[in-house]
Amino acid sequence: MLFNRRRDQAVTRLFYHALQGFRAKAVLEQAVEIHQRRCTNVMEQREDQELREMFAAREVEASKRRNVAKMAEAAKNRHNIPA
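Per the UniProt record's numbering, residue 1 is the first one in the sequence shown, and the count goes up by one each step.
To be clear, the hints were calculated from the coordinates, so they are not data collected in a lab.
Positions of the beta carbon are idealized from the N, C-alpha and C atoms, including for glycine.
One thing to keep in mind: the hints can contain errors.
Simulated restraints on C-beta separations [said to hold, decoys possible]:
hint	residue 1	residue 2	range
1	Leu19	Ala57	38 to 46 Å
2	Arg78	Val42	49 to 57 Å
3	Ala56	Ala18	52 to 60 Å
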């Protein structure tokens, strides 16, 4: 009788230990998934920011070219005005 109880306690202890191991593994896997999602989001945000910055730089350059063209056109028109 005593032997059976000790055996049952040992089995129960091993069962709970294994269960804790499975829980720990599941929690670890969830943590890894969350970390990977966060890293993916950070990388996507960085790419979006880089694209925004590149687009803004292109817009600035295009604006400068337009302004230079307008100034050149205005200079031509200024010289063509009969005085």
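Now for the hints, and whether the structure bears them out:
1. Against the hinted window of 38 to 46 Å, the Cβ-Cβ separation of Leu19 and Ala57 comes to about 57 Å, which falls outside the hint.
2. In this structure, Arg78 and Val42 meet the distance hint of 49 to 57 Å, their C-beta atoms being roughly 53 Å apart.
3. One distance hint, 52 to 60 Å for the beta-carbon pair Ala56 and Ala18, holds here, with the actual separation near 57 Å.
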